[in-house]
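**Student:** We have chain A; now place chain B onto it with these hints.
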Amino acid sequence: MIQKNWSEKVNPAVRDLPPSGIRRFFDLVVETKGVISLGVGEPDFVTPWHIREACIYSLEKGYTMYTSNWGLLELREAVAADLEHTYNVKYNPRNEILITVGVSEALDLAMRVLLEPGDEVLMPEPSYVSYAPCATLAGGVPVFMPTGPENGFCISAEQVQASITPRTKVLLLCYPNNPTGAVMDRNELLKIAEVAVQNDLIVISDEIYGRLTYVGEHTCVASLPGMRDRTVLLNGFSKAYAMTGWRVGYAAGHSDIISAMTKIHQYSMLCTSITAQMAALEALKNGQPGMRRMVEHYNRRRHLVVQSFLDMGLPCFEPGGAFYAFPRISATGLNSEEFAEELLKQEQVALVPGNAFGQSGEGFVRVSYAASIDELGEAFRRMARFVRRCGIRPKVISAPVKISGGQSA
Amino acid sequence: MDNTTREILELLEDNAKLTPDEIAVMLNIDAAEVRGMIKELENQKAILSYMTLINWEKMGEEKVSALIEVRITPQRDVGFDAVAERIYRFPEVRSMRLMSGTYDLAVFLEGRSMKEVSHFVSTKLATIEGVVSTTTHFVLKTYKQDGVIMEDGEEDRRLMISP
Numbered sequence: 008m009i010q011k012n013w014s015e016k017v018n019p020a021v022r023d024l025p026p027s028g029i030r031r032f033f034d035l036v037v038e039t040k041g042v043i044s045l046g047v048g049e050p051d052f053v054t055p056w057h058i059r060e061a062c063i064y065s066l067e068k069g070y071t072m073y074t075s076n077w078g079l080l081e082l083r084e085a086v087a088a089d090l091e092h093t094y095n096v097k098y099n100p101r102n103e104i105l106i107t108v109g110v111s112e113a114l115d116l117a118m119r120v121l122l123e124p125g126d127e128v129l130m131p132e133p134s135y136v137s138y139a140p141c142a143t144l145a146g147g148v149p150v151f152m153p154t155g156p157e158n159g160f161c162i163s164a165e166q167v168q169a170s171i172t173p174r175t176k177v178l179l180l181c182y183p184n185n186p187t188g189a190v191m192d193r194n195e196l197l198k199i200a201e202v203a204v205q206n207d208l209i210v211i212s213d214e215i216y217g218r219l220t221y222v223g224e225h226t227c228v229a230s231l232p233g234m235r236d237r238t239v240l241l242n243g244f245s246k247a248y249a250m251t252g253w254r255v256g257y258a259a260g261h262s263d264i265i266s267a268m269t270k271i272h273q274y275s276m277l278c279t280s281i282t283a284q285m286a287a288l289e290a291l292k293n294g295q296p297g298m299r300r301m302v303e304h305y306n307r308r309r310h311l312v313v314q315s316f317l318d319m320g321l322p323c324f325e326p327g328g329a330f331y332a333f334p335r336i337s338a339t340g341l342n343s344e345e346f347a348e349e350l351l352k353q354e355q356v357a358l359v360p361g362n363a364f365g366q367s368g369e370g371f372v373r374v375s376y377a378a379s380i381d382e383l384g385e386a387f388r389r390m391a392r393f394v395r396r397c398g399i400r401p402k403v404i405s406a407p408v409k410i411s412g413g414q415s416a
Numbered sequence: 277m278d279n280t281t282r283e284i285l286e287l288l289e290d291n292a293k294l295t296p297d298e299i300a301v302m303l304n305i306d307a308a309e310v311r312g313m314i315k316e317l318e319n320q321k322a323i324l325s326y327m328t329l330i331n332w333e334k335m336g337e338e339k340v341s342a343l344i345e346v347r348i349t350p351q352r353d354v355g356f357d358a359v360a361e362r363i364y365r366f367p368e369v370r371s372m373r374l375m376s377g378t379y380d381l382a383v384f385l386e387g388r389s390m391k392e393v394s395h396f397v398s399t400k401l402a403t404i405e406g407v408v409s410t411t412t413h414f415v416l417k418t419y420k421q422d423g424v425i426m427e428d429g430e431e432d433r434r435l436m437i438s439p
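So the sequences go chain by chain: A and B.
Numbering of the first sequence is given in the numbering used here, commencing with residue 8 and proceeding in unit increments.
Numbering of the second sequence is given in the numbering used here, commencing with residue 277 and proceeding in unit increments.
FYI, nobody ran anything at the bench for these hints, they're computed from the structure.
If you're wondering where the values come from, they're calculated on a predicted model, not measured in any experiment.
Don't be surprised by glycine CBs; every beta carbon is placed ideally from N, CA and C.
Some clues are possibly wrong.
Example chain B residues on the side facing chain A (calculated, C-beta under 10 angstroms, incomplete) [said to hold, decoys possible]: (1) Glu283; (2) Met302; (3) Ser438.
Okay, chain B solo, but in the shape it has when bound:
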């Protein structure tokens, strides 16, 4: 990966709102070149999506999140992948990772209530063939997500004018 590509990706990761024109000025390169490179990165699936991180709590929205530790039986040829796919296809699953250690999958769920999350785990997740056990941990508070501190108290306290 060349330096310009890395810089474009870092800028977009930091602020997906930046336009190709702005990026072009910031990196001192041609705007058409930036547009072409972004298109290419999207085609390569290097750029997967442009996300917005929202603090729903601030908007009074009730959401319940949970981390489910799932133990599964691996299958010949495909290992964990086939069972994993059956799980991550559910829209309730926000993210999922294969882990080393005492359990196999870390599944992050989001629902409107504890009842909804519990219902999903007991009726859909735990009943999948190959799932050996599940342990549900409800999230009490999110302090930081995707590198962003949710309640950042670090306001700009600088004077308006200084030498």
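Looking at chain A on its own, in the form it has when it is part of the complex:
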């Protein structure tokens, strides 16, 4: 009998999509024993107990039903109040905020609502692995704007302007950035906002790491002049409140766009789990002190991690946000994947090759410092041993690549 090739039945847009570089490396890691992982993009804290307790109590009270497609009104009101209090941007909780299944769903919805076939989406590179595939799946064309440590891993207004074509419709921003930890300087963001207004671009701003900003204050793009209505602000609870598995995010923006996103959401997801929404509500109501404590912990580890790379002789850009360091490893003579694979084999330390986040990430690795001080200490002892074997002399570099106001090298 002739075997049928069922992949022919799969939509070519999906079939031709390359698998995530992270996924491939993940398979290698699970086969290795005794691994210390610095490859995890999520907090090492369990969701604070008061949030878990509120969720348990909501179940006891019988909150087990669907919610409005938009999400619980009480949660949307709390999100609106939080955005107004933190960034001074006002949204109507009734038709300008949609509760989604994490920021991932919100991103997918925004792309599908905004893009028509061939529309171009500008995005910095390196950046989060799902941005380009989401744009492609929505029929769009990702256009990368390469960044490096010399410009603080930040795009500039000139770079945005130079990348615009008649097909450009969306500018995707993601600061603080995964994987580099770069934060965007407010002044540069103002200039980029001007370019967006002049060229009638919609900005999708993923602000999931906004609360995890250590250098200066996080600037919310929607708060800049002329940007509120042309920004789709995405945020969620995963990183700041250690709630990755709960899958609660939200999108805020002009009602025309958010209503359109809700249309797709109601036919696909219907609504976010009420249990998770109840937990998110508790996080917004009472989670600020716990969140601040976690941010303090990350900040202390951040210094330790950057210094450890400098001590072993690898240049390391000083991240201003998120919980990743992005050291340059090219001096070892290995490329990103070779470095990650050899380190895993020889010293059982897992981190993520930089090129998983786009070609601009080649020559770097992403190191998560969402790990305990003890784990970080042991991981760095092993890594230093490995780097010495690669012929790198310790302490040849004395200072991190500073971010001056988030921009310069």
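**Tutor:** Positioned in the frame of chain A, the structure of chain B alone reads:
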């Protein structure tokens, strides 16, 4: 107290193993400054001791703990302090606090057996002049001590690699 002092104290309270060099990097300040501040805090008796919390049960060690409620007669000028000192000086007493309510002192004892604890209460504690009565409660299980959950089931269940 300035912010740096508070941060140093919080870090050491959380993990006494941290070295001054590590603390210096974490707080982005000079290591010599950290060493000086810790020395000063020790001299001021703000830092009293560097403790390790051990779950002896895990090591198969038999220990018996008890909470003794003690009522005492206060004395002129010194109140409860003189009798309290006679009690807390015993090495068997692990901690002790003056309480409001139906009794005066909460005394936490540790011994190798119930017999040893009982013997201490009846022959040493209850016989002190000024001690009016004692009520002994033996500890059946310690769930949490000094902010640490003894049998914490919250392991790291994260995937090794994630986006």
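**Student:** Compare the structure with the hints numbered earlier in the document and write down the numbers of the violated ones, lowest to highest.
**Tutor:** none
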